[in-house]
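Student: Here are the chains, one letter per residue:
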Amino acid sequence: MADQKTIKRKTFECSGKLKQVMADHFLELDRASQSGDSKIAWCSSVGPAELLRGMGFLVYYPENHGAMLGASRMAADVIPYANAEGYSPDICSYLTSDIGAFLQEKTPLTKAYNISAVPRPDVLVFNTNQCRDVKDWFAWYSRHFNVPLVGVHTYREIGEIGYDQIKEIAKQIEDLIPDLEAAGGAKFDMDRFKEAVGLSKKTSQLWRACLETASAVPSPWTFFDATIHMAPAVVARGTQAGVDYYEILLKELKGRIKGGIAAIEGEKHRLYWEGMPIWGKLRALSEQLSGLKACVVASTYCNTWIYEQLDSAKPFESMAQAYTELFIVRDEAYKEQYIQECHDLYQFDGIIFHDAKTCPNNSNNRYGMPERLRGNTGVPALIINGDLNDLRCYSEEQTKTNIEAFIEQLEEGMV
Amino acid sequence: MASPIFTGVDIGASRTKVTILDPQKNLIGRAEKKSGTDFSDTAVSCLESALKMANRSRTDIVKTVSTGYGRNNVTFSDRTKTEIGCHAKGCYFHFPKAITVIDIGGQDNKVIKLDEKGNRISFKMNRKCAAGTGAFLEEMSMRLDIPLEDMDSLARKATEQVELGSYCTVFSATEVLEKIRQGKKVPDIVKGLYLSVIKRLLEMDALGDTVVMSGGVVAYNPYLVKMVEERIGREVLVPDFPQYSGAFGAALFAMEGGI
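Sequence lines, in order, name chains Y and U. Taking our numbering, the leading residue of the first sequence gets 7, the next gets one more, and so forth. Taking our numbering, the leading residue of the second sequence gets 48, the next gets one more, and so forth.
It is possible that some hints are incorrect.
Distance ranges between label pairs, derived from CB positions [said to hold, decoys possible]: (1) Y/Glu-163 to U/Gln-71: 55 to 61 Å; (2) U/Glu-225 to Y/Arg-138: 33 to 39 Å; (3) U/Thr-84 to Y/Glu-218: 46 to 52 Å; (4) U/Ala-253 to Y/Ala-290: 31 to 37 Å; (5) U/Glu-163 to Y/Lys-173: 55 to 61 Å; (6) Y/Gln-353 to U/Leu-249: 32 to 38 Å; (7) Y/Gln-346 to U/Glu-225: 47 to 53 Å; (8) U/Glu-163 to Y/Ala-290: 35 to 41 Å; (9) Y/Arg-37 to U/Gly-212: 54 to 60 Å; (10) Y/Gly-165 to U/Asn-166: 33 to 39 Å; (11) U/Glu-225 to Y/Thr-17: 24 to 30 Å; (12) U/Pro-143 to Y/Arg-289: 40 to 46 Å.
No wet-lab data here; the hints were simulated from the structure. Ideal Cβ placement from N, Cα and C applies to all residues, glycine included.
Next up, chain U with everything else stripped away, as it sits in the complex (with noise of 0.2 Å):
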């Protein structure tokens, strides 16, 4: 008999993402997709991958708990938690030790401090504008008509420093239409615009001694996290697959309701 496993799907605004554990807290299967119109298809679409991935049926899961915008939408959710909860929780396993987790989502920022233990102190998500989030990304991405995938190697070519001052994402488009007309380069905007993330996120909360990143931006941007370093004047901690801590997070939650 296969020995038991436990799974997270995380249902971002973005994208949905399912993990799957064995008993020893092994990531054993994983999948995205876009979220998409249809949240439980998404899910059982994601679940199928990830057990693909694992060489698992259905009938090994023990428990299942869903998280993200779309955490009531998963038909064989046993239980929920937030994303807040579950991106702390993946995000402590990596790193067990007292953290101010970072998770830039497709929708969302939230910054939670957690204690040596591993609880949470207080958290913090951006406010209703998409300011400094993964949509800001997506958008600006649209408006220079260049790949979303293409704009961390572009940004890393930069050679002059460009500031977007605003705080909406409106204003800044608005912004960098202007910098175009000013015959600015792509690479210095897109290196711009990273920065302009980065200003949001670090006016949400004063950052802890020990910072970890999570999130799809930050598995697809890694400079973005180079500069946030930079910013910072220390390390900053990016567990493997960030995209996926909170769906990690998620089946850690499902496994402590026991085997």
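Isolated chain Y, as found in the complex (with noise of 0.2 Å):
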């Protein structure tokens, strides 16, 4: 049978430099916010960051937010009020759930940070490249709050992406200067942008060091553990924060690499994540599955934050590129060459799809990918039914025995 045995995550020595670059983040951002000191522009998590941090704003970003209400399990508990609100249940749940800790006039920050309420906006930016529940989102906020929403509408179900699709998304991202300079942002300044463009691409640069040792075997580090630790790429990437504590970490993996030392001792299984993370869970699962022996090495989601495209000598250009090439844009065909070509790097053998019931556009089992995957590669796969947020939605007990079960099918497979 596959051995199960409850194992805890080894820590990282450099827990608690993240805790402070996220700390930093939060704070300066209250400050602003009670301040008025700067401005703060809101930024969906694949937003125009490098041209807001170009333009002097704090950014804040309501996904991570998000992902932070999901980790602390208190999203079950205010999704309800935006529901109640016409925000449907089976619309995007990190939505729901902002919105309704919004209502509730919660928010994780304040156990975290001793951080009161989420920061003023002066702006809102989206990018729709990830669904157009994040403009949605923001357009509750900009009427509750009365401030501007401008943002970028991306293509979807791209394949091939021409060279004139990338001019007119760099042409949306520059014409949203005006905008961001009437809602307060400094004057646009070239030299300050082209810094941010450069910082974002250090960041990514490291990032997907740090996410490639995973290639070692065994790993030195699990998905799970990169979920926590792509918190400064997402929020501190164009700054020179993200950079630095993405060198302490690589330094790290690259030692646990060195030493020997492996996320999951004994490690048996190597296993791909595709979809979104099933956030109030991640303890959970990353206990389940390394009783079990496996790793999980690598995953879509980690992997977005990825934008070695960026270029601080044609900025609007290398961003609109950057931001239209990630792999939620992209059609079937892509992806599925994507984690195919996550395969040659990673080794993994098994696959685990999580359909998150209010993530579709993260949800890549939904239209025959397991199985082509597997015709192509013999990469068997598994698919759990949950979500990023709702715990409604999901079913621990159902998951629990999936899991087991696919463990125990990749060991009849190694006999």
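Join the two chains into one complex using the hints; note that each chain is given alone, in its own frame.
Tutor: Rendered as structure tokens:
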């Protein structure tokens, strides 16, 4: 049988530094929100953050807050309040948990940083590259705070990306400048903007290097570790703090490889996670898989925050390219090829597809991909039903059984 | 001295089943009862009944493997296996070739594909909802106010096809009320319920050439198997005592540990 023991994740020496980066981020926003000294832009997680940094805004990411609501398991309590306001239980549960929490005047920032409320925005900036929900989400706050809502409308389901498409997105980004200046941003400064793009690129390169250390056998870390350590790649990209953090993390990961330190002692199975994390169940899933000697070595989700296309020599165009070439924007053929390339690099022997009830754009099992990948690579897949934040859509027992049975299946294949 | 015996315990969402095998893999004892609210007690109670049937005692047991939702609640178990693994094992024992196993349980359905060596190629469980499971039929029997055990004979008397379209058990119940209002006969509605279960099963996965069905619903509703055969146009294999397939597989795993 699949030998199952509960094993906790190994802690990282740089965890303290991670906490500091995140605390600095939120406390700076809180101070600005209270004093009005700096302008605050809310930005979708793969929105045009570098431009905002380049215009002197402090940047707050509601999706990061959504993930915190999920991880702290506050989401289930507050989602119903957004549902009652007409926001369906079937749409993005980041949206419903974030708006529900706001309506209830609750935030996980209170417990984590003694911050009473999310920072007040001066402008809300989205990119629909992930989904339309970010725009609808921000629109609610735009109405509530009576502040401008601006953004980029991207292409969807694209295979090859043409130059004209990149040019058009670049133009949309550039066209944001007058609105952002009017919303209180500093006058656009090309040098400052280029600097932010350059720092984002460095952050991305380091983040990729960190993720790719998991190609080592045994892997020095797991997807569950990475979901925690990716926070600066989201909130501190375009800053020196992001670069500094990943230099430290990369050093530690390399040290683990050199020292033969495995994330999972006796690593027996290597898995790929496709889809959103189940934030409220990270620990439970991590411990179950560790107990089964299974290491989730890579994920599409964590790879999302790699934007190596960024180039400070052509900032608008390279931003357009980086934010349009994302996995989530692409067609099925591209996505399939992408996962196959990840298989070549990480040598995983199974894929877990998370079918997230409220996140269709990030649930890639729905158009036959698991079956096609199995045909092309021979790698079996497991589909688990759940959600990023709404644990009403999650059956713990059924998921546990499915995972255990999947590992049994992999073990049978090893006999 | 009595020969050693091997025990499989399957604590399902609805019922608990215990099997006892002799070293020749003969099923010499079995028992089942409602899982109830104390899985440990139910397992012990079933074990005692099965031992009585086999005319053996607990000291003859070499190894026990438990499975099902309550697999971790069996105090006398040596190890656990998932119900997916155990149903596959149990069915492959009876039909040792490449098979697709369809198990209809009290609370979930499984479609498991095995290669000719009995290794799992893939498996799928129903999504969270109860549609297509034993729980669905239980709910409907209550709505129709007919005993669960009468459904099979009623379905066989159907003369007209009644279609129920919904995925959802609650919506299906509303549809059933609608059919009653329309004056549809109870046997036709019951057959419509079976058809609904079959549709939920067939949309889970593509079936291989040889299909095996197991589980309590199959044991007590054999007409449903006949309807599946009609639907897919080929014979469906059913092991003896299909409700015991998981417990039987668990006992086979117990035996693999050695005597």
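Student: Run every hint past the structure and note whether it holds.
Tutor: Against the structure, the hints come out as follows:
1. Y/Glu-163 to U/Gln-71: 55 to 61 Å: 59 Å, holds
2. U/Glu-225 to Y/Arg-138: 33 to 39 Å: 36 Å, holds
3. U/Thr-84 to Y/Glu-218: 46 to 52 Å: 50 Å, holds
4. U/Ala-253 to Y/Ala-290: 31 to 37 Å: 32 Å, holds
5. U/Glu-163 to Y/Lys-173: 55 to 61 Å: 56 Å, holds
6. Y/Gln-353 to U/Leu-249: 32 to 38 Å: 36 Å, holds
7. Y/Gln-346 to U/Glu-225: 47 to 53 Å: 49 Å, holds
8. U/Glu-163 to Y/Ala-290: 35 to 41 Å: With a Cβ separation near 37 Å, U/Glu-163 and Y/Ala-290 satisfy 35 to 41 Å, so the hint holds.
9. Y/Arg-37 to U/Gly-212: 54 to 60 Å: 58 Å, holds
10. Y/Gly-165 to U/Asn-166: 33 to 39 Å: 36 Å, holds
11. U/Glu-225 to Y/Thr-17: 24 to 30 Å: 58 Å, violated
12. U/Pro-143 to Y/Arg-289: 40 to 46 Å: This hint holds: roughly 42 Å between Cβ atoms.
Violated hint for the displayed structure: number 11, the only one.
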